[in-house]
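Whenever a hint applies, use it, and build me the whole structure from the sequences.
So the chains spell out like this:
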Amino acid sequence: MSRLKVVVVNGSPTRPSRTRALAESVLAEIQREVAVDSDIVDLADIGTALGAHLFRNALPASLEEALRSIEGADLLLVASPVYKGSYPGLFKHVFDLVAPEALTGKPVLLVATGGGDKHALVIEHQLRPLFGFFRAQTLPTGVYGAEADLKDYTVSSEALASRVVDAALEAARALRQLGAESASAATARSARTSVAA
Amino acid sequence: MSILFLQGSPVEPSRSAALSGFVAAELDRRGVENTRLKLTDLPAHALLHARFGDPQIRAASERVAAASALVIATPVYKAAYSGLLKSFLDLLPQNGLDGKVVLPLATAGSPHHALALDYALRPVLQSMSPALVLPGVHATDSTVAKDEHGNYQLSDDIIDRLLQATDRLVYEYRALLSRRAQQVEPVPFDQVRCSV
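Quick note, the sequences are listed as chains A and B, same order. Under UniProt numbering, the residues of the first sequence are numbered 1 to 197, in order. Under UniProt numbering, the residues of the second sequence are numbered 1 to 196, in order.
Since the hints were made in silico from the structure, they are not lab data. We put the beta carbon where it would ideally sit given N, CA and C, even for glycine. Take these hints with a grain of salt, some might be off.
[Stated by the list, open to error] Among chain B residues calculated to face chain A with C-beta under 10 angstroms, some are:
hint, residue
1, Pro111
2, His112
3, Ala114
4, Ala116
5, Asp118
6, Ala120
7, Leu134
8, His138
9, His149
10, Phe189
Here it is, written out as structure tokens:
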């Protein structure tokens with residue numbers, strides 16, 4: 001049985017990136033709980049090329065691969081910086097290219113970073129409705145980090161660290177459930193096969 | 001034709017009322033007429049059962065209709081406005097803010113809920129056809145601290161922001177009044193006596 005896969009989408013076009021640092025700390029925490037494969041789609045890598053393409057049917061292979069990775073994830077860990085009170089335009093462009101039905105029912109963990117605490121509700125008012133459109137299953141705990149919580153690009157405040165753990169535990173639970181479902185589906189399949197034989 | 005303060009906090013004294021109080025005192029100082037409507041004075045039963053015809057609800061609704069500008073203050077509860085404020089707004093007509101200038105004020109326990117002003121309250125106000133919803137002022141509890149006498153002390157930063165907001169409010173309010181004063185009653189065509 002192949003391992004489940006968590007795909008991180010980093011919506012920050014800059015590097016180094018606090019958003020990526022926070023997303024990676026959540027991923028690391030998930031991987032302490034469950035053994036999963038991971039991939040990262042980072043706007044710092046693909047942003048410039050992506051901005052030059054408006055339609056899915058004319059994407060170069062590397063970008064098409066990035067979108068397939070997002071669509072094929074078992075769990076998406078979506079992280080975005082806050083620009084003008086919302087996600088960056090380029091971040092939205094990524095999801096504008098994702099097939100509308102591709103994220104249905106997929107667990108999505110929402111992460112955001114901003115200059116200060118005042119933009120924390122961006123998770124509830126901007127990111128969550130976007131995935132509501134996709135009928136994805138956003139996990140209840142979103143993780144928001146302000147600059148002061150991420151000194152030297154690591155999680156530096158206790159409050160944020162404990163939020164990271166809470167969110168990762170929820171993600172791990174969702175992944176275990178997916179693992180159990182796919183195992184029981186496999187058992188059912190093999191039972192059918194043996195009856196047929 | 002005055003400025004009406006809607007106080008949306010169910011508790012008293014409240015930090016959000018302290019913000020309104022500051023703006024009201026500033027308006028008094030500038031000679032701008034203003035009055036206050038405490039939503040806790042309204043009958044709870046009438047509010048919760050949407051009794052539009054209740055005399056106190058009707059009187060409150062008429063005061064809103066008569067005001068040219070509103071200052072609406074609310075605490076942030078569960079990342080949005082108070083239920084008390086919303087239950088009152090629900091009793092106003094859909095275009096209940098028609099032609100009015102509105103200044104929203106909010107207080108919250110943490111800065112994490114600052115966006116409630118723009119994402120929760122503003123769309124509600126905007127749906128009621130206001131002339132203008134001014135940028136709001138959000139204050140965290142630590143910037144509206146209670147002193148040993150139980151009075152709220154505003155931080156310098158919040159005072160600056162409230163003064164700026166009051167400037168904008170007074171400017172827009174006066175502009176609104178002067179536009180109204182310049183409005184000419186339309187003359188039906190058959191009463192036109194000469195044209196140029």
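Okay, the hints, checked on the actual structure:
no. : hint   : verdict
1   : Pro111 : 4 angstroms, holds
2   : His112 : 4 angstroms, holds
3   : Ala114 : 4 angstroms, holds
4   : Ala116 : 6 angstroms, holds
5   : Asp118 : 7 angstroms, holds
6   : Ala120 : 8 angstroms, holds
7   : Leu134 : 17 angstroms, violated
8   : His138 : 8 angstroms, holds
9   : His149 : 30 angstroms, violated
10  : Phe189 : 50 angstroms, violated
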